[in-house]
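Participant: Residues per chain are reported as follows:
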Amino acid sequence: MISVENIRKSFDNVSVLKGISLEFEQGKTNLIIGQSGSGKTVLMKCLVGLLEADSGNVYYDERNFSAMSFQERRAIRKELGMLFQGAALFDSMTVEENVIFPLKMFTTMTRGEMQKRAEFCLERVDLHQVEHMYPADLSGGMKKRVAIARAISINPKYLLCDEPNSGLDPPTALIIDQLIRDITKEFNTTTVVNTHDMKSVMEIGDKVAFIYQGELGWQGSRHNIMTANNRELNKFISASGVVMPSEISRK
Amino acid sequence: MKLFYHIGRYLILIGAILQKPEKASIYRHQIIVEMDHLGIQSLGIVAIVSVFMGAVVTIQTAFNTDHPLLPAYAIGFATRQAIILEFSPTVISLILAGKVGSRIASEIGTMRVTEQIDALEIMGVNAAGYLILPKIIASMIINPVLVIISMFLGILGGWVASAATGVVPLSNFVYGILFEFSQFDIYYAIIKTITFAFIIASVSGYFGYYTKGGALEVGHSSTKAVVFSSIYIILFNLILTQILLA
Chain A
14 MISVENIRKS
24 FDNVSVLKGI
34 SLEFEQGKTN
44 LIIGQSGSGK
54 TVLMKCLVGL
64 LEADSGNVYY
74 DERNFSAMSF
84 QERRAIRKEL
94 GMLFQGAALF
104 DSMTVEENVI
114 FPLKMFTTMT
124 RGEMQKRAEF
134 CLERVDLHQV
144 EHMYPADLSG
154 GMKKRVAIAR
164 AISINPKYLL
174 CDEPNSGLDP
184 PTALIIDQLI
194 RDITKEFNTT
204 TVVNTHDMKS
214 VMEIGDKVAF
224 IYQGELGWQG
234 SRHNIMTANN
244 RELNKFISAS
254 GVVMPSEISR
264 K
Chain B
46 MKLFYHIGRY
56 LILIGAILQK
66 PEKASIYRHQ
76 IIVEMDHLGI
86 QSLGIVAIVS
96 VFMGAVVTIQ
106 TAFNTDHPLL
116 PAYAIGFATR
126 QAIILEFSPT
136 VISLILAGKV
146 GSRIASEIGT
156 MRVTEQIDAL
166 EIMGVNAAGY
176 LILPKIIASM
186 IINPVLVIIS
196 MFLGILGGWV
206 ASAATGVVPL
216 SNFVYGILFE
226 FSQFDIYYAI
236 IKTITFAFII
246 ASVSGYFGYY
256 TKGGALEVGH
266 SSTKAVVFSS
276 IYIILFNLIL
286 TQILLA
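From first to last, the protein sequence lines stand for chains A and B.
Every position in the first sequence, counted from 1, becomes a number in my numbering once 13 is added.
Every position in the second sequence, counted from 1, becomes a number in my numbering once 45 is added.
The reader is advised that the hints may include incorrect statements.
[What the hints assert, rightly or not] Anything over 12 Å on all C-beta distances counts as not near chain A; from chain B, calculated: (1) Y55; (2) P66; (3) I71; (4) S87; (5) V94; (6) V136; (7) L139; (8) T155; (9) M156; (10) Y175; (11) Y232; (12) V272; (13) F273; (14) I279; (15) F281.
[Stated by the list, open to error] According to the in silico footprint, chain B covers these stretches of chain A (three or more CB under 8 Å from chain B): (16) 99 to 106; (17) 115 to 122.
[Unchecked claim] Derived contacts from chain A toward chain B, CB cut-off under 10 Å, selection only: (18) F78; (19) A80; (20) M81; (21) A88; (22) I167; (23) L173; (24) G233.
Hints listed in this document are in silico derivations from the structure and should not be mistaken for laboratory results.
Keep in mind the model is a prediction, meaning the values are calculated, not measured.
In this text, a Cβ means the ideal position worked out from N, Cα and C, and glycines have one as well.
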């Protein structure tokens, strides 16, 4: 489980996160949703330590990440897989080298074992015959799948995804969503997904937190998000093209 | 104030670079790769510049020292001293600052803006160490080799110019090349080259590592890397010359 306790973050006296507290459960797909500029990416970066929060704490299974030294944080990060918005694959490496990179760095596996693991991870994300290709030769969806394969290669306890569907066509976005949901169940990871895509919410949102202007606006599950009594959330849902039940009854 | 900010941040980066590597074997492999990228791939330009530089120095010296009191072998002697003490270590390092420095800054800068460095950090990898340390070590090993090759080719260029133009008899030129040769001159050139190699790789790595923004900023970082590496090379050239030859 990952929990966030009263996180605050400002940039040049502009408050971006205004004391957010949240819990992300293990074995579930936890979604952070909100408009662009609402602070969800900043929250995600504070979770992994790419940004330092002004105050508040982040706990990884009761371990206070915020109070840790650089070395201690690095140890936690070895349990963490992250899918970046642009996939962030290493350009100079082939697909296979990308997937085995964390294994090469942190395990004592032999070359053969690493290749087997890479093969398993790539098959798990439904990629075949791409081991020797470079990221530049892949489509956006394939890059995201390779990034997922790289993230799961080390059996992470925590999986964080920043806008996993951005720039993807709807069918590919659906495939990525389903992969994230299935991997969360299969590997029993604590998965946190940062998105503004309501289709993703309805597809995989076991637990949903809506961030509005740096504050926690609402939280619940995808099953009760459509009936939520929150004006800003309802506006966000309507704007994203999903028809609210109230609108259906009115029609 | 901005200067102190950059010096402080540069020193913090050097501290991060010098931390114990996660896996020495991966760093060793990276050093070999970087020696190829930063050194071997620069051999062509180093060779061309050195040969022509040696030829021009010889012809220029011959035309500017045309005096009955000056022995003819002085042209060979002056060519050798100029090439070994200054042209090969300093000029070649300045050329490498342009070629290698821009490459390092743009490579690391692109990795920064495409979140590849964030990905390394999230994995628990010391990104600064993994990306910059092999480049520094590789440059400090391969640049002296390039400079020694440059010395040889520079003198060869002078010899060819002497033979082709007849500005100085070949026997006198060769006598001048061998006249009162001091091994310390080579050590001095290598010490300078190693220092310059550290400057090129670390300063360029610094500008690449702290790139913010997109493609435009990567270009800016690359330009700054070349400009500041060149300035520090010239500055340290003066300091080392004073320390080592005084």
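Participant: Next, verify each hint and record whether it holds.
Facilitator: Verification of the supplied hints:
1. Its beta-carbon lying about 18 Å from the closest one in chain A, Y55/B satisfies the requirement of being farther than 12 Å from that chain.
2. Against chain A, the non-interface label of P66/B is violated: not every CB pair exceeds 12 Å, the least being about 10 Å.
3. Some Cβ of chain A comes within 12 Å of the Cβ of I71/B; the nearest lies about 6 Å off, and the non-interface call is violated.
4. Non-interface call for S87/B relative to chain A: holds, since the shortest CB-CB distance, roughly 18 Å, exceeds 12 Å.
5. Separation of V94/B from chain A is adequate, the least Cβ-Cβ distance of about 28 Å exceeding the 12 Å criterion.
6. For V136/B, the requirement that its beta carbon stay farther than 12 Å from each beta carbon of chain A is met, with the minimum near 30 Å.
7. Distance to chain A confirms L139/B as a non-interface residue, since its nearest Cβ pair spans about 27 Å, more than 12 Å.
8. Remark: the non-interface label on T155/B conflicts with the geometry, its nearest Cβ contact in chain A lying 8 Å away (cut-off 12 Å).
9. At the 12 Å boundary, the C-beta of M156/B falls inside the reach of chain A, the nearest C-beta of that chain being 8 Å off.
10. Residue placement check: Y175/B does not keep its beta carbon more than 12 Å from all beta carbons of chain A (closest about 8 Å).
11. Every C-beta of chain A lies more than 12 Å from that of Y232/B, the closest at about 36 Å, which supports listing it as non-interface.
12. Every CB of chain A is more than 12 Å from the CB of V272/B (nearest about 26 Å), matching its label as outside the interface.
13. Here F273/B stays apart from chain A, with its beta-carbon at least about 25 Å from theirs, past the 12 Å limit.
14. No beta-carbon of chain A comes within 12 Å of the beta-carbon of I279/B; the shortest separation is about 32 Å.
15. Every beta carbon of chain A lies more than 12 Å from that of F281/B, the smallest distance being close to 31 Å; the non-interface claim holds.
16. For the region 99 to 106 of chain A, the proposed coverage by chain B is satisfied: 5 residues have a C-beta within less than 8 Å of a C-beta in that chain, meeting the threshold of three.
17. With a cut-off of 8 Å between beta carbons, the region 115 to 122 of chain A has 4 residues touching chain B; three or more are needed, and the interface restraint holds.
18. For F78/A, the interface hint is violated, since its Cβ never comes within 10 Å of a Cβ in chain B; the closest pair sits about 13 Å apart.
19. Interface hint status for A80/A: violated, as the beta-carbon distance to the closest one in chain B is roughly 18 Å, over 10 Å.
20. Because the beta carbon of M81/A sits about 12 Å from the nearest beta carbon in chain B, more than 10 Å, this interface hint is broken.
21. Contact between A88/A and chain B, as hinted, is supported at the beta carbon level, the nearest pair being about 7 Å apart and thus within 10 Å.
22. Checking I167/A against chain B: minimum C-beta separation of about 8 Å stays under 10 Å; hint holds.
23. The interface hint given for L173/A is met, as the beta carbon of that residue sits about 8 Å from the closest beta carbon of chain B, less than 10 Å.
24. A hinted interface residue such as G233/A counts as satisfied when its beta carbon comes closer than 10 Å to some beta carbon of chain B; here the least separation is about 29 Å, so the hint is violated.
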